[in-house]
Every structure is written in structure tokens, then in C-alpha cells.
Amino acid sequence: MQATTHAIPHTGVHEAHHSDAGFWRTYIFSTDHKVIGIQYGLTSLTFLLIGFCLMLVMRWQIAHPGEPVPVIGGLLEAVLGDVAAKGVMSNELYNSFGAMHGTIMIFLGVVPLAFAAFGNYVVPLMIGAPDMAFPRINMASYHVFVLGGLVMLVSFFIPGGAAQAGWTSYSPLATSIATDGQTFWLIGMVLLITSSLLGAVNFIATIIQLRAPGMTWMRLPFFVWAQFVTAFLLLLAFPPLEAAGIMQLMDKVAGTSFFLPTGLAIGGDLANVSGGGSPLLWQHLFWFLGHPEVYVLILPAMGIVAEVISNNTRKPIWGYKSLVYSALAIGFLSFIVWAHHMYLTGMGTKVATFFQTTTMIISIPSVIILTCMFISLWGGSIRFNTPMLFVLAFLPMFGIGGLTGLPLGFSYSDIHLHDTYYVIAHFHYIVAPGTIFALFAGIYYWFPKMTGRKMNEFWGRVHFWLSFIFMNLVFQPMFAQGMSGMLRRMADGGAMYSATANARAGAGVIGGLTDYIMSLHTYILWAAVGLALAQIPFIVNLFWSLRNGPKVKSDNPWRSTTLEWQTPTPPPHGNFAEPPRVYRGPYEYSVPGHPTDYTPQNVPEK
Amino acid sequence: MDIPYTVDTRPDTGLYNAKAGIWLFLASEVMLFGALFSAYILLRVGAPEGLWPLGWLNVPLGTINTLVLITSSITTVMAWAALKVNQFDRFKLFHGITLLCALIFVGIKSFEYYDKFTHYEVTLKDGRIADGHLKEATDTHVTISGRFVEEREELYDLHKHKAHGHETITIAREDIEKLSNYGPRHNTYMAIYFTLTGLHALHVIGGAIVIGYLWGPGSRLWRKDPERFTNRIEISGLFWHFVDLVWIFLFPILYLL
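Line order of the protein sequences matches chains X and B.
With our numbering, letter number 475 in the first sequence gets 475, and the count goes up by one each step, no holes.
Basically our numbering = 1-based index in the second sequence + 1000.
In case anyone wonders, no lab produced these hints; they're calculated from the structure.
C-beta: ideal position from N, C-alpha, C; glycine also.
Among the clues, some could well be false.
[To be verified] Estimated spans, in silico, between C-beta atoms of each pair: (1) G1055(B) / L49(X): 15 to 23 Å; (2) G379(X) / R1228(B): 50 to 58 Å; (3) M218(X) / P1011(B): 17 to 25 Å; (4) N272(X) / T1138(B): 48 to 56 Å.
[To be verified] Straight-line Cα separation of at most 30 Å, DSBU-like style, residue types lysine-lysine; simulated pairs: (5) K252(X) / K1116(B); (6) K1084(B) / K1224(B); (7) K252(X) / K1224(B); (8) K1125(B) / K252(X); (9) K1116(B) / K1019(B); (10) K553(X) / K315(X); (11) K1084(B) / K252(X); (12) K315(X) / K551(X).
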């Protein structure tokens, strides 16, 4: 306590000094959690755009296999060389774009934005802390992240191109493709894992140690709880992937056989390896991270949703304790569901039964959280501003994503759906119109605190409605395609297995993907283009509003209860004008008898 | 702006920040090594009958290294305790010993690695296998000091098939089918051995750098802020204990079992 009270009176002075620290210290080598949060935010938004562009090119190839990519075909050939000869995407290029789309979107886009960017900016403010517990480690975490991202990007331009074995990098495929892209991928991953480890340690230590006086555990905003559980998932689930990455790197570089079985043949010849390894081992270690990772993607989004809902319904969030315990339950259970990604590996029906049981159990806390959110809307006088629109869309979209996951969680129905476009549609509904919508909501919601200006409301709505429509047009048809048996990761979009191709092949081959199912590719392509165009209002709005957005009239424009709004705008180095003390829970909206319809956490009892 | 609890403990958690941080970091380290230990188990269980190496490593050397690390763990606690009772010279002595132990450990480990990299298994075109340490390799022939075996299995269980005596064997290049040293690519046992002990050795080296810094230039902090310096020694000590603990698991599974 002494440290805090002793420190805070100096903040005003410090702030003045801090701005004099020069460009490099202020913007690049800053140890201020808010600057680091914004650094993470801008970097990860850039990566999201890159990952999306990779997908646009792939959607062209899927809809028009073998035809030159319009507009940027020449550029692709000039930059990437033979793999894009005459502007046509080769199968190798398709594979590496696919692998890197997944990798970039998850590890360089959504996780850094949801966890590192929002977590860094908002969590210390919400708990009333002057900064993170370890500011320099925080800075190191960002720099290692950027380095990892650069290694990933550079791998596109090496001979042979980027990794081609999917974001899951299954061995022996990943080890036997003749490109160093996989080595780059592994080194990049080790760097990203190191970065997230540094971040996770920092977040947990901050939340445990730096809560303001009076900020008890059950007074933490749900967003902080969500970040707390997320940090634990990153802390404990990522290291096994790091171990797996080290082993695959050894396979690739030192010639070991961790994941290479005895008698492995590559291209018809017996591979020159000792053998004795286990391909299943890679899958176990990968999915031991892979599944908790799903909750890393979704929990921070749920945290944002809870904050925006209670603020815009002017009501306490319904079932705060249920939310907290559900988040903790999800965190725990997410460590024992991973093998539901592996039903078809022949690991045995008893094991499959265990994992399908835990998978069904983990859907319960998720449903509790979503239900609490829905009930929170009941009877509220809802303010339909841009963040709230995104959040309201999140609820059904995440619902669709979650419910379509159940057939994948059952080992028998998964036999049919495994590895099809149905899986793609399912998890994109979770992550794209789910998590990313919540992240957009977070950007629109906290932008006034970060900059002192609101983003343009009209263009925010345009962004929302267009994204909402195109998002569904992109992913809804994939359910139908997947149920018809269209496999993912096919460079020709399944043309080889279409009914037309089969009829051409002659007698004996019947069935195949119907013309209708194949024609959906074209709709998806144009919906994806529409989705790309729908992001232009957002990008312009984001930068235009920095200077020209309407200025906020108070430090608390949304009239919110949580501590991040009880600071100067934007918060100075050290955050609070005076050390905050917390007297009440996070969601005291519309409390009868109070003078305003919101009572901030730091307002003393009468 | 000062961050609270960088030195003092927070009353309700009983921790200062760095202590919370190091325990969290160690939790993640447990998962990292845990995954590699699981890999060891899976590879060993999956190995064909009789083809998992036994007795390939030098137990006396491993035992010495174990004792060295345990000693260093004791001295690192003694160093911390010395600071607690304000005896800086005793701290210097004990932490110096810790550093020395770390260097001895790395030295012995390097010798063991060197031994494996110069140890060759030579498959001859007539089906015989020669096994031993490389003496000389030229364009025309290879000389090793070792023995011939009839079956590869004899090389795997060295508890049962103890090598008796070494002879100098010279083999012409054209008689050699395959020549491979006992490096990581030799088989999955050597792969996991090098990966586990290599990662552990990196931890030892990293720890030694930190301990060396705190023993040398970093110890100037003692005069300015003794409490903070003592905390640093405690944190580095916690990490050092973890590194020891990993070795306590590595020694039996790789050397003894």
C-alpha cells in the first residue's frame, strides 16, 4: 500500500517527463502497458488483414481452379516466382497460403488482439493498477512477438515458400515436404510461444498482486476473470506445443525420428531415418495446446461481451458468479478434451468415448455463459450503439458456432463430418462472427478511452451490417458443402471429386459433389470480396477518428461503472490521478435510490 | 510511478511480484518438460521388444553430476540465508560455489556429449556390425577402437551384453554399408536423450549466467537495496532448484532405468 500512496501524487509530473522521452522510448521501447496494448492492437490488426488477404486469393483458386488470379496475379508471380507462374496459384502455393492463413489468423491475429492488446490496455486499468507487474518483461513480450511474426512473413519469400502442412503441421507430412518453410514456421512458433509465456506470467501476476485496495476477487469485472483464465491456458497449454515444436525442429534439422515411424516411405523410397517415432505423439501434443487455444480465442471475447452488454443495457450482468465459475470450469475442462480432434486416428473407441464425454461436459459452462448474456438483455433499456450491435450479433453467431460443434464432438457423427468444410464453417462461426465481432465491439467501446474521441457512429453501423451479412454468406454455405462431403484443404476446391468429373471419368464412378454444391464456391468468393470491402469503412474510420472523431465530453462517455473509465482520458503514465479504492461490485447499474443510473466501483458508500 | 509490491510482500497473497512471477514461470516449465517426459514414455513404450537401449550412458559420471547439482542447490540456499543474516562475504563464498558447480556440471555433460559424438556404429556389407570410438577416418579406411557384434540386439542391452575389452579395428571404406555416430539421429533414445539433456543444459547455462551476474556485477545492488537483492537471490534460487529437480528425474530415466 505504501508504495502506491507514495507513488501516485507524482504521476502528473511523470507524465510530463515521459512525453519528453523521445520517439523511440515512447512508441517503440515503451514499458507502458497502454502503449504496448496499442502496439499489439495495431500489429495484430495488420496480421488479421494479411491473413484475410491470403484467404481471398485462396477463395479465387477454389472457385476458379487454374485460372490466373485477377488484379494481383502479376504481383504474386513477381514476388513469389514460379509457384505463381502466369499468376496462377500452384498447389504448393495454395497449401502454404492455407497453412499460413490459419497460423497468422490464430497466433498472430486473434490471440494477440484479444489477449495481449485488450488485456494489456484494459486489465491494469480495470483492477486499479498503475501498470503491469513486470513492465520490461511486457515490452520484451511484444518484441519477441514481432520477431516471431517477421520470421513467419519472411518464410513466404524463401526458396520453396512457407510451411505447407496446414496450421496443425502434422508429421510426417510437415517434416517430409521439401521446403525450409516448416523450419521457419517452427522457429516462429517457438518465438510466439515465448512471447505468450512472458505475457501470461505477467497478466496472472498483475491480477493477483496489483488489484487496488478493496478490489476483491468477486469484485473483478468479468473481463478480468476471462483474461485471468485465458492467461492460465496460455501458461500451461502452450509449453507442450513448444516441446513438440522443438522435437519437430530436431526431426527437420538434426535428423531425429520423434514423429517418423519405422518404414516411412517418402515419394516411394524408404526415408533415410532411424524410425521408431510416433506420428500420433505430435497430434496429442499439438491438440493439447490446440483445444485450450479455442478457449483462448473465445474467453476474452466473452469478457468484452459481458462489459458491453451490462453497460448498454444499464443493468448488472445476469449471474455474475455463474459466469465466473463457468469460465473457471471451461479453463479446467479445456485441458481434457483435446483428443476429440483425433477420433479418426485409430486411437481406440474407449479413449474416444472418454473424450466425447468430456467434450459434451465442457459445452455446459459455455451454454451457461451464453445464457447469462441472453438473460442480461431481458428487460434492459438497450442502447443500440456500434459496440452493442456487434455484441448482439456475437450472441447468435457464437450460438451457431457452438451448437454446430456438438455433432463434431460425438465420435460417430464426426466420422462423416471430420475434415470437411463443415468443420471450417463451425470454427469460423466461433472465431470470425464470434470472437472477431466481439473484438470489433471492444475497439469501438474502448476507443474513446484510448484516444479521447469516439469513432464515427454511422460508418460503424455500415461496417457492422455489411460485415454481419457477408460473414454469414461466406460461412453458411460451407455447412451444406461439408455435409455433402466436400473435404477441406483441396487446392482445386473439390473439382476432382465433383459429379461432373466423375461422369467424365466414365462407367463405374457415380455420385460426387453435385453442381449445386460446387457452384456455392462462386457465391462464397463474392461474399468474401464483399466482406473485404466491408472492412474499408472500419479501417478508414479507425484512423480518421483519431483526429476527427467527436471529442468525448467526459472521462466516462459510456457512463460505465468499471475503473478504466474513472481515469483521465487518455490515461497518463501511471494511470490514475489518485490511487483508486474499490467499494462495490463491477456492475452497479440502475441501483434503486442512487442518484445516477450507474455507480462506479470507486464511489464510497454513503 | 512505482509499481506496488516489487519488494514488499502483499499482505493478502503473501508474495512479492517477482515471486508470483517465478512460480508461474516454473509451472509452465513443468508443462514443457512434462511434455518431453511424456514423449519419452510414449517412445519407450512404442519401441519394439529389445530395441530400447539399456546402459548406454556412463552411470558414474551421471552420479557425479547429480551430486554436483544437489550440492549447488544446497549452496544456493546457504547463500540466500547468508544474505538474510547480513553476511555478504558468506554469500559470496556460497554463491561462488554454486556457480562453480554449474560449470562443473556443464563440463561433465560436454564430455559425455563428445563421447557420444565420437562413438560410431559401423554396419559392414557382410552384415557384421562394428561398434566403438572413432580413432581415425581417411578416404580409404576407418579405424575404431571397439568390437564386432553379430546381432544388433547385443548393442542395445549393455547390462546383459557387457563389452569386454577393446580392439583396434580397421575397416576399408568400400566394405562399409552404413556409418553412424551416436548422435541424435541414431535412434529415438538418443534423440530424446539429446533433446531432454540439451534443453536441461540450456537451463543450467541460463541459470549460471544469472547466478554469475548476481555474484559479480549484480551484487552491487546489495549496498543500495539489500532487501531487493536478497529477493533476487531467492528468485534465482527457486529457478535453480527447479533445474536440479528436472535433473533428478532425468538421471534415473536416462541412466538407470
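Evaluation of the provided hints:
Checked against the hint of 15 to 23 Å, the C-beta distance between G1055(B) and L49(X) comes to roughly 57 Å, which is inconsistent with it. Hint check: G379(X) to R1228(B), Cβ distance near 54 Å, so the stated range 50 to 58 Å holds. Distance hint check: the CB atoms of M218(X) and P1011(B) are about 19 Å apart, consistent with the given range 17 to 25 Å. The hinted window of 48 to 56 Å between N272(X) and T1138(B) is violated, with their beta carbons roughly 24 Å apart.
Between K252(X) and K1116(B) the CA atoms are separated by roughly 21 Å; this keeps the pair inside 30 Å, and the hint holds. Our distance criterion of 30 Å between C-alpha atoms is met by K1084(B) and K1224(B), whose separation comes to about 15 Å. Note on K252(X) and K1224(B): the hinted pairing is violated, with a Cα-Cα distance of about 49 Å set against a maximum of 30 Å. Using a Cα cut-off of 30 Å, the hinted pair K1125(B) and K252(X) holds, with the two alpha carbons roughly 29 Å apart.
Among the hinted pairs, K1116(B) with K1019(B) is inconsistent with the structure: their alpha-carbon atoms are about 39 Å apart, more than 30 Å. At most 30 Å may separate the alpha-carbon atoms for a hinted pair to count; K553(X) and K315(X) meet this at roughly 23 Å. The hinted pair formed by K1084(B) and K252(X) fails the criterion: a straight-line CA distance of about 49 Å is larger than 30 Å. Restraint check for K315(X) and K551(X): the C-alpha separation of about 26 Å stays at or below 30 Å, so the hint holds.
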